[in-house]
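There are 2 protein chains.
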Amino acid sequence: MDYLALYILPEMSDIGLDHQSIRRFGPVLITLDASLDKPLYAQIRDQIRDRISSGALKIGERLEPSRELAKRLGVHRTTVSNAYADLEADGLIQGTVGRGTFVSPLAADLRRPSAPARRAHQDVFWQSFLAQEQRDDSLGRLMASALEPGVISFATAHGPDDLTPVDLVRRATDAVLRRDGAKLLQYGSSDGYAPLKAYLQSRARRDGIPLEADELLITNGCQQALDLIRHSLVEAGDVVVCENPTYTGLWNIFDSSDVRLIAAPVTPDGLDLDFLAAVLEQNKVKLILTSPTFHNPTGVTMPLAARKRLLELAARHQVPIVEDDIYGALRYRGRELPPLKALDTAGLVIYLNSFSKVGFSGLRVGWVAASRRVIERLRWAKQRADIHTNMLGQAVLEDLGRHGVLDKFIRRIRKEYAAKLETAERAVAQYFPPQARVTQPEGGMALWVELPAALDAGALLAKAQDRGVIFAPARYFYFHNPRHNAFRLCFSAVPNAQIESGVRILGELLHEEIGRLSRGKSAARADAGVALV
Amino acid sequence: MDYLALYILPEMSDIGLDHQSIRRFGPVLITLDASLDKPLYAQIRDQIRDRISSGALKIGERLEPSRELAKRLGVHRTTVSNAYADLEADGLIQGTVGRGTFVSPLAADLRRPSAPARRAHQDVFWQSFLAQEQRDDSLGRLMASALEPGVISFATAHGPDDLTPVDLVRRATDAVLRRDGAKLLQYGSSDGYAPLKAYLQSRARRDGIPLEADELLITNGCQQALDLIRHSLVEAGDVVVCENPTYTGLWNIFDSSDVRLIAAPVTPDGLDLDFLAAVLEQNKVKLILTSPTFHNPTGVTMPLAARKRLLELAARHQVPIVEDDIYGALRYRGRELPPLKALDTAGLVIYLNSFSKVGFSGLRVGWVAASRRVIERLRWAKQRADIHTNMLGQAVLEDLGRHGVLDKFIRRIRKEYAAKLETAERAVAQYFPPQARVTQPEGGMALWVELPAALDAGALLAKAQDRGVIFAPARYFYFHNPRHNAFRLCFSAVPNAQIESGVRILGELLHEEIGRLSRGKSAARADAGVALV
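Here the protein sequences line up with chains A and B, keeping their order.
Per our numbering, the first sequence starts with residue 1, numbered consecutively.
Per our numbering, the second sequence starts with residue 534, numbered consecutively.
To give a feel for the contact side, a few chain A residues facing chain B, derived at Cβ under 7 Å:
{"no.": "1", "residue": "161"}
{"no.": "2", "residue": "170"}
{"no.": "3", "residue": "184"}
{"no.": "4", "residue": "185"}
{"no.": "5", "residue": "186"}
{"no.": "6", "residue": "252"}
{"no.": "7", "residue": "253"}
{"no.": "8", "residue": "361"}
{"no.": "9", "residue": "362"}
{"no.": "10", "residue": "363"}
{"no.": "11", "residue": "387"}
{"no.": "12", "residue": "390"}
{"no.": "13", "residue": "393"}
Everything labelled a hint here was simulated from the structure, so no lab data went into it.
Keep in mind the model is a prediction, meaning the values are calculated, not measured.
The beta-carbon is built from N, C-alpha and C at its ideal position, and this holds for glycine as well.
Using the sequences and the accompanying hints, generate a full structural model.
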């Protein structure tokens, strides 16, 4: 056991630390037993960890300097340093130059049970497949069942088939292939098709975002933009703050063992800025990820004053903000708000958008607007990722944009979706029991439904599915501490007539379930298991 | 300096190691000086490193066990362990359980000068931009200049504009949008458009590769397949064997500080299998990357016997092979050879191909065929990367494929490219000096030209560019120990008339340069600088 030998230094035996030595460590006791197989540094580490998780050592509390603790425990300083290093790597403590070592505010957030399991299988190639994480593919199955005939699906966030702009795309494709066909079938530029970039620049200018060409990168939708950001701007051990809940495809990227992903609560005004301020105060944060307009899945929108405060916080700590504005164009009521990027005087906002939620998901075209330095990095990553985005989709969208067809189409679907939202809200008011609290979003594609604490949306889904209706349980949107008594109800893809019947079926089911709850409260609670308020 | 304190242990002063102590270490001397600022472990490490690079310690030579060396040097064992750990992290030595520690065969390959620079800037976000690697964008500039009017470009590997199948794509796009338009504009499946997968299965079966649907994944060309493999199959510290030279976009992905990328020489029969056998014998290799048919940039093809031996080696060591077959369809002469995947009985080959070299680069559609377990992993990575490949490109290629149009078109361009190859070879025979050795590939898009050792293809390019002709100097294709006296001459994109005039201009330049060489040999050698044989 060479590894252990590194830590159990010979002087241990020399200083009379025989079988058990108990000393006071700040407010707690550290018990060292040299006769154990477990190295001394690990004994120290694990006992401090236990004190933190029990609350005996509180967040923000200062730890004894390693030199002093080593002296008091009668061990070599290396032993304490090793214990501290492990605790720091786990995000439980953190050092600040010139101030000391403190219990980290991440201590409450970072002990995700899956992390060690993930790290465990870095061994033989084939073994790593066998030992592979048991990934949760129930979301994939849910999305697949949305395609089954006869199913009313409130599960996924996209437009209805009958509103896809097939004829517009068909005519535009024909036009661009006639005009620029040879070029569109050849390799293109990694930063994007120049005419599309020019069109997006003019569009951004209109929205109050003046952009140079080298501040813009075309991607395969926002998903790729997030993946490029992950791979080119975030390094091992970096701290990233992310809304919890959030879009599943976002946390799937950032929730890995080598990123310290901090779960920021989402309030009715969006990302919790008091929480964020505290995190920024105490951590070197690499990125803040947020979707301030029609947040997925909750639909909440950050008010103007909060947007300004968020930008001030980011500027003070010089932390870039990734702003996902994918739903921004889908406002049906309330006052238009500027995206963070339009308010960004410090050049810290990395702005993402795409054509995926306005009728063109299958073309896979989106874009990033950010400082030249960020775009330069992302462009290299894009080149490594797939050389460039498909040319045909880019050219079609440029053609539709330049001729004003795109804006006209977006106005049309905004009207259609607004009507769907109204239909959904009327049906909810009529059929849902009062115990189900439903948001009133000003835009986006979904309602967010909060249930009594004892109801589990996953169990509800199974029953709803039997009746031909599906939705997305809240838990898919949480990377930490999942909420079970809520779900997302996407109205955008559902034909109007089905919205009402679907909501009626769900309402009946909710009445039954809540009735059952009040009839046998204790039994229902036992069923609900891990339900959280 | 806490960091150093970890290593200069107190017992140092106790054992009479005063200012300088010289002891024999195997065949070499280790000199320790406790008065230096440099910690003892670093002194040991650096001296062993020097002995390895000077050849005093040879590859495969056994190092003294750390316990014994520590005793002989009179230092704590931790000190030697730390030195060994650093040397191992740098790939200079390696331990084999039960056998000891040896100088690694990687010692010759892994000391890439850029690696420490890369690791250095993991600090502040914005600083990391400023400190960013000085990336070599001369290749980007070269590719851009290929688009300038009047330039004869042998630089890039694609088809000519006048052969792009614009009308075929236009008709197919119209047909698929009429047939399946709503579906093509919606989100699709991460593993690919089902009809295209079915078509590729039938095509693979024809090529002797029976495939199930879950052994196939659609990607945005081979580039994305390589990136997905990098991110989902390769972990920090893994050893990957790669041909050197190889496709620039491949080594850009794998040549990172956390991968041990071993440069395998390319022989006239492809990947050097004797070298590979030795590497596999002595390392736990995670992946072998190879392009056995019309290798880019050299154009060499691995004979059947070598293919079988490669598969045997991989099977014996249970190491997967990534086979890039992107040029496989472009054979103009010689006998058709089965891809590795068709000979693969052990299920170890991860086969990559795309439609990018047969006229459809801009659509960004490629595929991976591999075992179910590999595809499952890549599919998750694909979902994180960009959800799915653009639907329009997939549907167009399926439509062209199913109607036989694709095969007919590939036959046509094969004929056209064969004629271009003949033209290029005739011109080379007529205009190039005999000192320029040119390959005779059986397919692909390029000739590979080897120059006298004293000529630098980069310097030659600058002069050729002044005369309106460009090509790709060899160095872009090497991630290690770049060769300077060679270049790739792509004929596929150049109109026939320009092939001859371009080769004539290059031939004149080569005659001049070689004439200058023989007139003033020593002066020319000084010019050539780092030229290697």
